[in-house]
Amino acid sequence: MSKTIELAQHLEKLHINNMYKSDFYWTWDKTDEELDAIFTVADALRDLRERNKSTRIFDSGLGISIFRDNSTRTRFSFASACNLLGLTVQDLDEKKSQIAHGETVRETANMVSFMADVIGIRDDMFIGEGHKYQKTFMDAVKEGYRDGILEQQPTLVNLQCDVDHPTQCMADMLHIIHQFGGVENLKGKKIAMTWAYSPSYGKPLSVPQGVIGLMTRFGMDVVLAHPEGYDVMPEVEEIAKKNAAATGGSYRKVATMEEAFQDADIVYPKSWAPFAAMEERTKLYQAGDKNGIDALEKKLLAQNAQHKDWTCSEEMMKRTRNGSALYLHCLPADITGLSCPEGEVDNSVFDRYLVPLYKEASYKPYIIAAMIMMSKVKDPVSALMALDAADKRKMF
Amino acid sequence: MSKTIELAQHLEKLHINNMYKSDFYWTWDKTDEELDAIFTVADALRDLRERNKSTRIFDSGLGISIFRDNSTRTRFSFASACNLLGLTVQDLDEKKSQIAHGETVRETANMVSFMADVIGIRDDMFIGEGHKYQKTFMDAVKEGYRDGILEQQPTLVNLQCDVDHPTQCMADMLHIIHQFGGVENLKGKKIAMTWAYSPSYGKPLSVPQGVIGLMTRFGMDVVLAHPEGYDVMPEVEEIAKKNAAATGGSYRKVATMEEAFQDADIVYPKSWAPFAAMEERTKLYQAGDKNGIDALEKKLLAQNAQHKDWTCSEEMMKRTRNGSALYLHCLPADITGLSCPEGEVDNSVFDRYLVPLYKEASYKPYIIAAMIMMSKVKDPVSALMALDAADKRKMF
Amino acid sequence: MSKTIELAQHLEKLHINNMYKSDFYWTWDKTDEELDAIFTVADALRDLRERNKSTRIFDSGLGISIFRDNSTRTRFSFASACNLLGLTVQDLDEKKSQIAHGETVRETANMVSFMADVIGIRDDMFIGEGHKYQKTFMDAVKEGYRDGILEQQPTLVNLQCDVDHPTQCMADMLHIIHQFGGVENLKGKKIAMTWAYSPSYGKPLSVPQGVIGLMTRFGMDVVLAHPEGYDVMPEVEEIAKKNAAATGGSYRKVATMEEAFQDADIVYPKSWAPFAAMEERTKLYQAGDKNGIDALEKKLLAQNAQHKDWTCSEEMMKRTRNGSALYLHCLPADITGLSCPEGEVDNSVFDRYLVPLYKEASYKPYIIAAMIMMSKVKDPVSALMALDAADKRKMF
Numbered sequence: 036m037s038k039t040i041e042l043a044q045h046l047e048k049l050h051i052n053n054m055y056k057s058d059f060y061w062t063w064d065k066t067d068e069e070l071d072a073i074f075t076v077a078d079a080l081r082d083l084r085e086r087n088k089s090t091r092i093f094d095s096g097l098g099i100s101i102f103r104d105n106s107t108r109t110r111f112s113f114a115s116a117c118n119l120l121g122l123t124v125q126d127l128d129e130k131k132s133q134i135a136h137g138e139t140v141r142e143t144a145n146m147v148s149f150m151a152d153v154i155g156i157r158d159d160m161f162i163g164e165g166h167k168y169q170k171t172f173m174d175a176v177k178e179g180y181r182d183g184i185l186e187q188q189p190t191l192v193n194l195q196c197d198v199d200h201p202t203q204c205m206a207d208m209l210h211i212i213h214q215f216g217g218v219e220n221l222k223g224k225k226i227a228m229t230w231a232y233s234p235s236y237g238k239p240l241s242v243p244q245g246v247i248g249l250m251t252r253f254g255m256d257v258v259l260a261h262p263e264g265y266d267v268m269p270e271v272e273e274i275a276k277k278n279a280a281a282t283g284g285s286y287r288k289v290a291t292m293e294e295a296f297q298d299a300d301i302v303y304p305k306s307w308a309p310f311a312a313m314e315e316r317t318k319l320y321q322a323g324d325k326n327g328i329d330a331l332e333k334k335l336l337a338q339n340a341q342h343k344d345w346t347c348s349e350e351m352m353k354r355t356r357n358g359s360a361l362y363l364h365c366l367p368a369d370i371t372g373l374s375c376p377e378g379e380v381d382n383s384v385f386d387r388y389l390v391p392l393y394k395e396a397s398y399k400p401y402i403i404a405a406m407i408m409m410s411k412v413k414d415p416v417s418a419l420m421a422l423d424a425a426d427k428r429k430m431f
Numbered sequence: 036m037s038k039t040i041e042l043a044q045h046l047e048k049l050h051i052n053n054m055y056k057s058d059f060y061w062t063w064d065k066t067d068e069e070l071d072a073i074f075t076v077a078d079a080l081r082d083l084r085e086r087n088k089s090t091r092i093f094d095s096g097l098g099i100s101i102f103r104d105n106s107t108r109t110r111f112s113f114a115s116a117c118n119l120l121g122l123t124v125q126d127l128d129e130k131k132s133q134i135a136h137g138e139t140v141r142e143t144a145n146m147v148s149f150m151a152d153v154i155g156i157r158d159d160m161f162i163g164e165g166h167k168y169q170k171t172f173m174d175a176v177k178e179g180y181r182d183g184i185l186e187q188q189p190t191l192v193n194l195q196c197d198v199d200h201p202t203q204c205m206a207d208m209l210h211i212i213h214q215f216g217g218v219e220n221l222k223g224k225k226i227a228m229t230w231a232y233s234p235s236y237g238k239p240l241s242v243p244q245g246v247i248g249l250m251t252r253f254g255m256d257v258v259l260a261h262p263e264g265y266d267v268m269p270e271v272e273e274i275a276k277k278n279a280a281a282t283g284g285s286y287r288k289v290a291t292m293e294e295a296f297q298d299a300d301i302v303y304p305k306s307w308a309p310f311a312a313m314e315e316r317t318k319l320y321q322a323g324d325k326n327g328i329d330a331l332e333k334k335l336l337a338q339n340a341q342h343k344d345w346t347c348s349e350e351m352m353k354r355t356r357n358g359s360a361l362y363l364h365c366l367p368a369d370i371t372g373l374s375c376p377e378g379e380v381d382n383s384v385f386d387r388y389l390v391p392l393y394k395e396a397s398y399k400p401y402i403i404a405a406m407i408m409m410s411k412v413k414d415p416v417s418a419l420m421a422l423d424a425a426d427k428r429k430m431f
Numbered sequence: 036m037s038k039t040i041e042l043a044q045h046l047e048k049l050h051i052n053n054m055y056k057s058d059f060y061w062t063w064d065k066t067d068e069e070l071d072a073i074f075t076v077a078d079a080l081r082d083l084r085e086r087n088k089s090t091r092i093f094d095s096g097l098g099i100s101i102f103r104d105n106s107t108r109t110r111f112s113f114a115s116a117c118n119l120l121g122l123t124v125q126d127l128d129e130k131k132s133q134i135a136h137g138e139t140v141r142e143t144a145n146m147v148s149f150m151a152d153v154i155g156i157r158d159d160m161f162i163g164e165g166h167k168y169q170k171t172f173m174d175a176v177k178e179g180y181r182d183g184i185l186e187q188q189p190t191l192v193n194l195q196c197d198v199d200h201p202t203q204c205m206a207d208m209l210h211i212i213h214q215f216g217g218v219e220n221l222k223g224k225k226i227a228m229t230w231a232y233s234p235s236y237g238k239p240l241s242v243p244q245g246v247i248g249l250m251t252r253f254g255m256d257v258v259l260a261h262p263e264g265y266d267v268m269p270e271v272e273e274i275a276k277k278n279a280a281a282t283g284g285s286y287r288k289v290a291t292m293e294e295a296f297q298d299a300d301i302v303y304p305k306s307w308a309p310f311a312a313m314e315e316r317t318k319l320y321q322a323g324d325k326n327g328i329d330a331l332e333k334k335l336l337a338q339n340a341q342h343k344d345w346t347c348s349e350e351m352m353k354r355t356r357n358g359s360a361l362y363l364h365c366l367p368a369d370i371t372g373l374s375c376p377e378g379e380v381d382n383s384v385f386d387r388y389l390v391p392l393y394k395e396a397s398y399k400p401y402i403i404a405a406m407i408m409m410s411k412v413k414d415p416v417s418a419l420m421a422l423d424a425a426d427k428r429k430m431f
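Line by line, the protein sequences are chains A, B and C. Here the first sequence is numbered in my numbering, starting from 36 and rising by one per residue. Here the second sequence is numbered in my numbering, starting from 36 and rising by one per residue. Here the third sequence is numbered in my numbering, starting from 36 and rising by one per residue.
Source of the hints: derived by calculation from the structure; they are not laboratory data. This one's a predicted model, so the numbers in the text were calculated from it and none came from an experiment. Be aware that one or more of the hints could be misleading.
Identical chains blur together in the list; that is why a pair holds if it fits in one copy or across any two.
Unchecked claim - Quick list of in silico lysine to aspartate or glutamate cross-link-like pairs, EDC-like style, CA-CA up to 16 Å:
id	residue 1	residue 2
1	K170	D58
2	K288	E377
3	K288	E272
4	K48	D298
5	K318	E293
6	K238	D182
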């Protein structure tokens, strides 16, 4: 029996009826079994690709991508996922620093979605705006479908918003699951999500938020650490606490990187901007206050520079369990002595984890494809079995 | 019997032999039955998509798109149409404000068309140049095919030129046909194509020209209204007159928006630039006269501003039949109080017609796909019947 | 028996076992029979397309394109080739003038290749860097495949590097073969690869190098001519000499265009930059020395301008065999009196060879597709036979 058939049989046992035709905004909108379904389908698609089997479920169709920020990795992950399933990507090139208004979004959403099967949106720059944009867009296409403007209803894959980064965090999580030999081995494992110094400015909060919102669901001890003033959204911390309580794990905040790293099994040191400052920035952009934006940038860079000791050095890594915690990063990292003089991680640490880091990233296209498949295919169990039984992708 | 089969049976009765391998420049190049065929196939493709049936007629192939002006809507419509039929879009990114010369066009046309099945060109900016460019391009690929450079001969879909905008106007028309319950109900209906004030500059004439050139073929009373100096091309007005005479409808010009709107069943208020000024602009661009271009822009904006009363206000709409004429626009509109202080249409009017406006736009990808299908498929009747009998687009 | 079957039967006799899963860097890495295989498959794919047969060998899959320089022709050729085989192109938009470093290339290579079947790279600008970049990139994906990051191993098509331009030169060569009625008629034919004056700066050396590295393999008398200081890479000249010795042809350098053109059967007059100057430029770019780059550009343009007599005039053409040598160019050419006041070729000469020039270019997508097919398909003989027996590309 192939791995895909085994996975399809596992999928059959899960309660996944609500996933068909549903959007994927945040991991905490989904039940544990629904997340399990995504991981399961991602693994199955990867197994099929390894055997060069076709995973095409669409004869034609479009995946619309909207990146309201530059992106190479997520762009290629989305394009790869669409291609894997038989969809063609059509990119909507939105101006970067422009915050779109309701009516315009509603019109655009309909105009670009006539043949859309799936919509992938990345809008992570502006606190208070990213999720709102995705919601406005998807509400518009739902209305469009209801009103007979669109013949088919497209679904959303959140490719990063101001609140969560579900495709990244689910890829991170699937990587952890495989590294530790299964989700059943994660109980009690300590994972440290910590802030790290970077010479650049205004990195989104969606990764740390997504991590504490997701990783607290597997019975792990999740620790968040950051310098004063770098708080994440309190709503997401509430979710993390509830998750931990439900799974017998824990969620807590500590004041130093050292404490977070102590005996950690997994570390995720990464820079982000303070929530309050990002809220201020959104308002400055809305007001078109260029001088205010520049002044804020200077202030934040100076604030960052006070915490250069928050870095994933060899010394810091020694504190982790057996000095060999699994090091995670969403890439690209700011690497001390390679991409910048002082950054998030020592070059020697980063270099030692190169293969697992690339492997971590390699799950993302499969996670995205699994999200698309679960929202577009009514009977994914039969679909996987049919793909397993069908032909090679390369016809000759 | 499905709607598609009914439409295929209707198609079978039409004289459409000249459409195979033909280009689509202007609606008035085509016979009434040929236009009927486009509408019929567009409706059939929409019915097939509604039932999620595959409409793929190509196993592989390229649709080349050339936009000599920014475009989101037309770009997505063309991409959607190509995807619907199984073609991949490859975009040729031409510099915007550069008027290409014969030899260069001839070389480029061949170089990008080795695998092209269809070419979509939008070149609407320069009066006297847009159609010429399309013709030069298509003549070059015809020669290329004749000389054995190209193994297959691609056909043209005019995505807007300086003379006509056939994909837009045919989408508008199909929308009208469905709103009025069939082409047989249009006899004697009054449609007002009127200029409207916009704070922007240099909008193409192809929409009003396309509208009077097409809508006069269905027995309707077509009225054109614009302030002095905003004349459209006299050649197109001649066509409108001839069409009206042949169908028992009428074509006339009136001096005010009020008169045009009076008892109208359909209104299409939209800004455009004066023909003479656009001719002047083309010459200034050809001469590279930047100062002249700027001076002309200022002059035209000032001229526009004298006609701010030409606006589709609530007051103006009250003059139409029962105060509820069908409001049309090719989008995006300049909306008073929403996208600009004073524009083409009151926000409350626009907002009331949002669903029909989006529906109007939704016909465009199907019209484009129908144009492609009629020029590339020798026996479209059998093709539609085969698509109706075949599998779902989503395989699982 | 179709032409494709004949070609498949010829292919069956060739030793091509090493081509499966191999990269295509330089023509001189390949045996004569391997190059023959590329020509054979290119001809077969063209025959299949002429009969509108499907040449799709992939059900899904990505061709990644990386153009580290602007390119319309090569971009369309690669896109056409991928489409011909069923692959979708995903373009990685790299900044133009940035010389990437090892670690960054390694990371990017993996991040964009999760679903890649083939990678097409053009990096011709910097002497000493183009090939190195391609090699670093492909080594990284090989490691990625070995380490389980990539499930399938993509292969390279060199779309132009600093050393060779194999897709161009193989297209040129296939054009020559067909113009002269077969490779067996080329023995003793004289081909003149000569420098020609152009008012532009810094054109790559990969075409002249590719030409002398490839055309010396067919028993022809290959002559290279350029003004003093415009030498090509000595390593490639060594290859040309060895090739000539092995095939009974000759390779030599002459000092004037006149001597090169004398009794030539084929002429390839084209501008390029001096090798030493291009080496200097690479260093200036690496140092970010903007002033140095500008100074070098001025110097090189002045140097070029001393050799305006190196031009393919009507007078010059009269020296060739019967005054009617086959004129080649990779396009676009700098045409005297058309695209510039003084350039590489007289307008009247260029115009007379328009059809063969376009035909020359038309082989490129087929050459690229043949390279992809030979590296991705284990049994190309059976594949061609199956394609010949299968359905039309247009299904209806």
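Consistency of the hints with the structure:
{"no.": "1", "hint": "K170 with D58", "result": "within (10 Å within a copy, 42 Å between copies)"}
{"no.": "2", "hint": "K288 with E377", "result": "neither (25 Å within a copy, 54 Å between copies)"}
{"no.": "3", "hint": "K288 with E272", "result": "within (10 Å within a copy, 67 Å between copies)"}
{"no.": "4", "hint": "K48 with D298", "result": "neither (36 Å within a copy, 64 Å between copies)"}
{"no.": "5", "hint": "K318 with E293", "result": "neither (35 Å within a copy, 44 Å between copies)"}
{"no.": "6", "hint": "K238 with D182", "result": "neither (39 Å within a copy, 30 Å between copies)"}
Consistency with the previously given hints fails for numbers 2, 4, 5 and 6, ordered from lowest to highest.
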